[in-house]
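Let the sequences and hints guide you as you build the complete structure.
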Amino acid sequence: MNPGVATKRSPRPRSALTAFTTSWASQIGITVAFLALWLSFIVLAPNTFLSDRIYLAFAQTVPYSVAIVALFLTMVIIAGDIDLSFPSEMALGMVGFVFTWQATGSVELGVLAALGVGALAGLFNGLVVTYIGIPALVATIGSWYLFRGLTLVLVNGKSYALVATSTAPSYDLLVGKLGGVIPMEFVWLLILAVVAWFLLNRHRLGQNAYVIGDNRLAAGLMGIPIRRTRIALFVLTGMAAALAGVMTSLQIVNFYPTMGDGFQLPTLAAVFVGGTSVFGGRGTIYGTVIGAFMIGGIQAGIVAVGLTDYYTNMIYGAVILAAVSVHALLQRRFE
Amino acid sequence: MTFPPAGESGMSADERESARQPSQLANPIIAALEPAVMPRPEGERRLELRHISKAFGGVHVLKDVSMDLGSSEVIGLLGDNGAGKSTLIKIITGVHRPDAGEILFGGRRVEGLTVQKARGLGVETVYQERALADQLPLWRNIFMGRAVGGPLGFLKVGDMRRMTAKLMSESMGFTSAVLTPNTVVKGLSGGERQGLAIVRALHFQADIIILDEPTMGLSLRETEKLLQFVEGIRTAGKSAIFIDHNIFHVYSVADRIVVLDRGRVAGQFPTSRYSLDELLSIMREVATGGAFTEQERYRPAAGLPGAATGASEDHA
Ligand SMILES: Nc1ncnc2c1ncn2[C@@H]1O[C@H](COP(=O)(O)OP(=O)(O)OP(=O)(O)O)[C@@H](O)[C@H]1O
Ligand SMILES: [Mg+2]
Numbered sequence: 120m121n122p123g124v125a126t127k128r129s130p131r132p133r134s135a136l137t138a139f140t141t142s143w144a145s146q147i148g149i150t151v152a153f154l155a156l157w158l159s160f161i162v163l164a165p166n167t168f169l170s171d172r173i174y175l176a177f178a179q180t181v182p183y184s185v186a187i188v189a190l191f192l193t194m195v196i197i198a199g200d201i202d203l204s205f206p207s208e209m210a211l212g213m214v215g216f217v218f219t220w221q222a223t224g225s226v227e228l229g230v231l232a233a234l235g236v237g238a239l240a241g242l243f244n245g246l247v248v249t250y251i252g253i254p255a256l257v258a259t260i261g262s263w264y265l266f267r268g269l270t271l272v273l274v275n276g277k278s279y280a281l282v283a284t285s286t287a288p289s290y291d292l293l294v295g296k297l298g299g300v301i302p303m304e305f306v307w308l309l310i311l312a313v314v315a316w317f318l319l320n321r322h323r324l325g326q327n328a329y330v331i332g333d334n335r336l337a338a339g340l341m342g343i344p345i346r347r348t349r350i351a352l353f354v355l356t357g358m359a360a361a362l363a364g365v366m367t368s369l370q371i372v373n374f375y376p377t378m379g380d381g382f383q384l385p386t387l388a389a390v391f392v393g394g395t396s397v398f399g400g401r402g403t404i405y406g407t408v409i410g411a412f413m414i415g416g417i418q419a420g421i422v423a424v425g426l427t428d429y430y431t432n433m434i435y436g437a438v439i440l441a442a443v444s445v446h447a448l449l450q451r452r453f454e
Numbered sequence: 009m010t011f012p013p014a015g016e017s018g019m020s021a022d023e024r025e026s027a028r029q030p031s032q033l034a035n036p037i038i039a040a041l042e043p044a045v046m047p048r049p050e051g052e053r054r055l056e057l058r059h060i061s062k063a064f065g066g067v068h069v070l071k072d073v074s075m076d077l078g079s080s081e082v083i084g085l086l087g088d089n090g091a092g093k094s095t096l097i098k099i100i101t102g103v104h105r106p107d108a109g110e111i112l113f114g115g116r117r118v119e120g121l122t123v124q125k126a127r128g129l130g131v132e133t134v135y136q137e138r139a140l141a142d143q144l145p146l147w148r149n150i151f152m153g154r155a156v157g158g159p160l161g162f163l164k165v166g167d168m169r170r171m172t173a174k175l176m177s178e179s180m181g182f183t184s185a186v187l188t189p190n191t192v193v194k195g196l197s198g199g200e201r202q203g204l205a206i207v208r209a210l211h212f213q214a215d216i217i218i219l220d221e222p223t224m225g226l227s228l229r230e231t232e233k234l235l236q237f238v239e240g241i242r243t244a245g246k247s248a249i250f251i252d253h254n255i256f257h258v259y260s261v262a263d264r265i266v267v268l269d270r271g272r273v274a275g276q277f278p279t280s281r282y283s284l285d286e287l288l289s290i291m292r293e294v295a296t297g298g299a300f301t302e303q304e305r306y307r308p309a310a311g312l313p314g315a316a317t318g319a320s321e322d323h324a
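Residue numbers (the working numbering), protein chains in the order written: chain A, 120 to 454; chain B, 9 to 324.
Hint data in this document are derived by calculation from the structure and do not stem from the laboratory.
As the structure is a prediction and not an experimental result, all values here were calculated from the model.
There could be a bad hint or two in this list.
Dumping the calculated SDA-like pairs for lysine to any residue here, alpha-carbon to alpha-carbon at most 25 Å [as the list claims (entries may be wrong)]: (1) B:K125 with B:R154; (2) B:K174 with B:F256; (3) B:K125 with B:G114; (4) B:K71 with B:L57; (5) B:K194 with A:I345; (6) B:K125 with A:L448; (7) B:K174 with A:G299; (8) B:K194 with A:K277; (9) A:K277 with A:G235; (10) B:K164 with A:W143; (11) B:K125 with A:K277; (12) B:K164 with A:R346; (13) A:K277 with A:S225; (14) B:K194 with A:S225; (15) B:K164 with B:G128; (16) B:K194 with A:L336; (17) B:K194 with A:Q146; (18) B:K125 with B:D88; (19) B:K125 with B:S80; (20) A:K277 with A:R347; (21) B:K125 with A:R347.
Simulated restraints, written as ranges between beta carbons of each label pair [to be verified]: (22) B:G161 with A:T286: 53 to 63 Å; (23) A:V424 with B:V156: 24 to 34 Å; (24) A:L448 with B:D88: 20 to 30 Å; (25) B:G161 with A:L336: 20 to 30 Å; (26) B:Q213 with A:N432: 30 to 40 Å; (27) A:L271 with B:R170: 47 to 57 Å; (28) A:L336 with B:P278: 34 to 44 Å; (29) B:G158 with A:G224: 51 to 61 Å; (30) A:N166 with B:S177: 53 to 63 Å.
From the structure, some residues in chain B lie toward chain A, with a derived Cβ separation under 7 Å [said to hold, decoys possible]: (31) G78; (32) M152; (33) V156.
Yeah, the Cβ is synthetic: ideal placement off N, Cα and C, and Gly gets one too.
Written out as structure tokens, the structure is:
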């Protein structure tokens with residue numbers, strides 16, 4: 120306001136490292152952390168971690184339990200929001216699947232219905248957050264309960280056996296094996312990661328998400344459609360959750376209405392371990408994918424190393440804190 | 009802060025124009041910004057505000073403000089902190105909806121103005137807040153809200169980076185090799201940020217350029233360059249609204265000075281007919297009592313508290 124306040128020129132010497140942005144630093148940081156964890160597993164459990172079986176297992180489970188949702192959750196968080204309701208969106212989407220599949224006998228229509236329900240659930244989140252103005256953290260705690268409750272009511276708390284779906288061609292397309300070896304979940308993850316990367320880095324949606332998360336006031340002043348962008352990101356996350364819900368259920372050929380809750384913290388952890396800032400404006404798809412495989416690998420690693428399951432949480436905690444510390448330190452170093 | 013040629017009272021706009029020396033200073037932030045756009049026919053009213061009022065939660069920030077802006081005209085907006093200057097320009101840029109009143113662009117009334125619409129109508133703004141995203145690279149800041157892309161929304165990132173690099177070297181004077189279009193804004197100095205915000209506003213060939221305290225944080229040299237640029241806006245047949253607390257700056261570039269006092273237009277003063285000294289004493293009067301004696305024909309006929317009181321000074 121005052122002309123006197125501002126005449127501050129920073130005398131900071133500018134090194135070539137300034138151009139080397141924190142985003143790169145953070146991606147290298149997470150890669151190093153990932154390799155360190157991996158190497159320690161190889162050293163501690165060479166039999167397990169030098170065979171391809173464990174990697175094929177990861178390639179199957181990590182996508183639907185963590186990574187696919189994490190990709191789009193990353194964008195929501197970059198835009199300065201968060202979505203905690205995705206486990207319930209997985210289940211609610213599956214209600215759409217089950218009802219449609221039972222009515223029509225078509226797995227394909229069931230998948231479309233699940234995606235539609237996921238989109239609607241995301242739309243609900245987006246509208247509540249942007250039009251009523253409830254912070255996303257609070258709103259999606261509410262919708263987590265709401266969607267879960269709706270799921271339980273709709274299916275009367277029952278589980279559904281989905282064995283009959285496994286003869287459908289789309290079953291193999293979703294959770295089969297490419298060439299009899301590579302899990303389709305992994306193929307889908309790669310496809311969706313490319314899609315998410317393009318949306319985030321080469322599309323208006325991502326440009327707007329970054330700006331909104333970095334400086335919402337500026338976004339408004341520069342005419343960025345803030346509500347529309349935020350809503351779109353919630354919708355994408357809802358659809359990703361529904362897809363992950365379908366994959367999870369088809370994989371175990373069973374749908375139970377409380378599915379997904381075990382995925383909540385690991386998925387969030389994967390996003391933050393990957394270097395996405397909880398304050399918005401910063402995050403990468405690459406980081407999230409690496410983060411997802413770190414988080415997804417820990418459990419199996421611990422078992423393979425021969426520790427009892429009791430150690431799992433401790434090691435999860437240590438890895439998460441170590442990884443986000445790396446990001447925090449790099450952040451300070453490069454700014 | 010000294011300010012070279014326009015400091016003397018009573019100079020006409022033409023005299024001021026000729027008195028100004030082209031700056032020989034190399035590599036300032038606002039260098040070489042010669043707007044290369046065809047001049048518009050004289051006298052066209054580019055923007056009109058009619059009876060604009062705005063309140064925030066019961067506090068009346070703008071009260072019945074009317075103002076217009078012609079082609080090739082630079083308006084200086086003066087007023088105390090909280091007078092409503094930034095609010096007024098945010099109404100022009102579509103950020104705030106007025107509670108009452110209308111806005112006309114080129115003589116045509118515009119309903120439901122949004123930021124996108126205003127930018128589409130050729131309004132670009134350097135906000136007081138600067139409106140930059142710290143963690144994002146320069147190119148994303150330049151093209152904020154105006155990303156260059158295809159019909160499906162996919163961005164032409166290469167084009168935007170190239171244009172940013174060009175703007176950086178030609179317009180911002182960023183010649184340092186370590187500053188690239190990919191550099192994030194966070195590490196920039198105050199003046200560099202300012203330059204970025206200004207260049208962004210100027211890049212899109214706007215007809216109306218609004219500068220809300222643009223000299224804040226600029227060095228003397230950069231300030232002078234900026235003022236020269238504002239003169240260039242007029243020469244190119246475009247229009248500008250220039251807000252600054254420094255009356256010397258405003259006086260030196262504006263064709264007309266609009267004084268806002270607690271949300272009302274306290275008066276409008278063509279710089280061709282008012283000397284700087286006269287304006288200074290008017291400003292002093294506005295600041296002390298809100299009363300002034302200006303007889304200018306631009307002044308709205310009604311709604312000015314104290315305007316008609318026959319107080320001391322005789323300016324006209
Ligand atoms: N979004 C808002 N909500 C509530 N009050 C606001 C808002 N924007 C501005 N105001 C109030 O309106 C009044 C005018 O503010 P404005 O920013 O327009 O003043 P200004 O003339 O630009 O002042 P300055 O010279 O300090 O920038 C102030 O009292 C301010 O607190
Ligand atoms: Mg202001």
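Hints, one by one, checked against the model:
Distance check on the hinted pair: K125 (chain B) and R154 (chain B) sit about 12 Å apart at the alpha-carbon level, within 25 Å; holds. Between the alpha carbons of K174 (chain B) and F256 (chain B) the distance comes to roughly 33 Å, so the proposed pair goes past 25 Å and is violated. Between K125 (chain B) and G114 (chain B) the CA atoms are separated by roughly 14 Å; this keeps the pair inside 25 Å, and the hint holds. For the hint pairing K71 (chain B) with L57 (chain B), the CA-to-CA distance comes to about 12 Å; that is within 25 Å, so the pair holds.
With a C-alpha separation of about 22 Å, the suggested pairing of K194 (chain B) with I345 (chain A) holds against the 25 Å cut-off. Taking the CA atoms of K125 (chain B) and L448 (chain A), the gap is near 43 Å; set against the 25 Å cutoff, the hint is violated. Of the supplied pair hints, the one linking K174 (chain B) and G299 (chain A) is violated, its CA atoms being roughly 52 Å apart against a limit of 25 Å. For the suggested pair K194 (chain B) and K277 (chain A), the alpha carbons sit about 53 Å apart, so the restraint of at most 25 Å is broken.
A threshold of 25 Å between alpha carbons decides the hint, and for K277 (chain A) with G235 (chain A) the separation of about 22 Å falls inside it, so the pair holds. With a C-alpha separation of about 21 Å, the suggested pair K164 (chain B) and W143 (chain A) falls inside the 25 Å cut-off, and the hint holds. Between the alpha carbons of K125 (chain B) and K277 (chain A) the distance comes to roughly 52 Å, so the proposed pair goes past 25 Å and is violated. Between K164 (chain B) and R346 (chain A) the alpha-carbon distance is near 24 Å, which keeps this suggested pair within the 25 Å criterion.
Under the criterion of a C-alpha separation no larger than 25 Å, the hint pairing K277 (chain A) with S225 (chain A) is consistent with the structure, at around 21 Å. Annotation: proposed proximity of K194 (chain B) to S225 (chain A) is violated, straight-line Cα distance about 53 Å (limit 25 Å). A C-alpha spacing of about 20 Å is found between K164 (chain B) and G128 (chain B), which places the hinted pair at or below 25 Å, so the restraint holds. At roughly 17 Å between alpha-carbon atoms, K194 (chain B) and L336 (chain A) fall within 25 Å of each other, so this suggested pair holds.
Simply put, K194 (chain B) and Q146 (chain A) have alpha-carbon atoms about 19 Å apart, close enough for the 25 Å limit, and the pair holds. Among the hinted pairs, K125 (chain B) with D88 (chain B) is inconsistent with the structure: their alpha-carbon atoms are about 30 Å apart, more than 25 Å. A distance of roughly 22 Å separates the Cα atoms of K125 (chain B) and S80 (chain B); the hinted pair therefore holds under the 25 Å criterion. With a C-alpha separation of about 37 Å, the suggested pair K277 (chain A) and R347 (chain A) falls outside the 25 Å cut-off, and the hint is violated.
Distance check on the hinted pair: K125 (chain B) and R347 (chain A) sit about 16 Å apart at the alpha-carbon level, within 25 Å; holds. For G161 (chain B) paired with T286 (chain A), a C-beta distance near 39 Å fails the hint of 53 to 63 Å. The hinted window of 24 to 34 Å between V424 (chain A) and V156 (chain B) is violated, with their beta carbons roughly 51 Å apart. Distance hint check for L448 (chain A) and D88 (chain B): the Cβ-Cβ separation is about 46 Å, which falls outside the suggested range of 20 to 30 Å.
For G161 (chain B) paired with L336 (chain A), a C-beta distance near 24 Å keeps the hint of 20 to 30 Å intact. The hint said 30 to 40 Å for the Cβ distance between Q213 (chain B) and N432 (chain A), and at roughly 59 Å that hint is violated. Between L271 (chain A) and R170 (chain B) the Cβ separation comes to about 55 Å, which falls inside the hinted range of 47 to 57 Å. Separated by about 35 Å at the C-beta atoms, L336 (chain A) and P278 (chain B) satisfy the suggested range of 34 to 44 Å.
G158 (chain B) and G224 (chain A) have their C-beta atoms about 41 Å apart, which leaves the hinted 51 to 61 Å range violated. Hint check: N166 (chain A) to S177 (chain B), Cβ distance near 59 Å, so the stated range 53 to 63 Å holds. Hint status for G78 (chain B): violated, given a least beta-carbon distance of 25 Å to chain A, over 7 Å. A least Cβ separation of about 4 Å between M152 (chain B) and chain A falls short of the 7 Å threshold, and the interface hint therefore holds.
Because the smallest distance between the Cβ of V156 (chain B) and any Cβ of chain A comes to about 10 Å, over 7 Å, the interface hint for this residue is violated.
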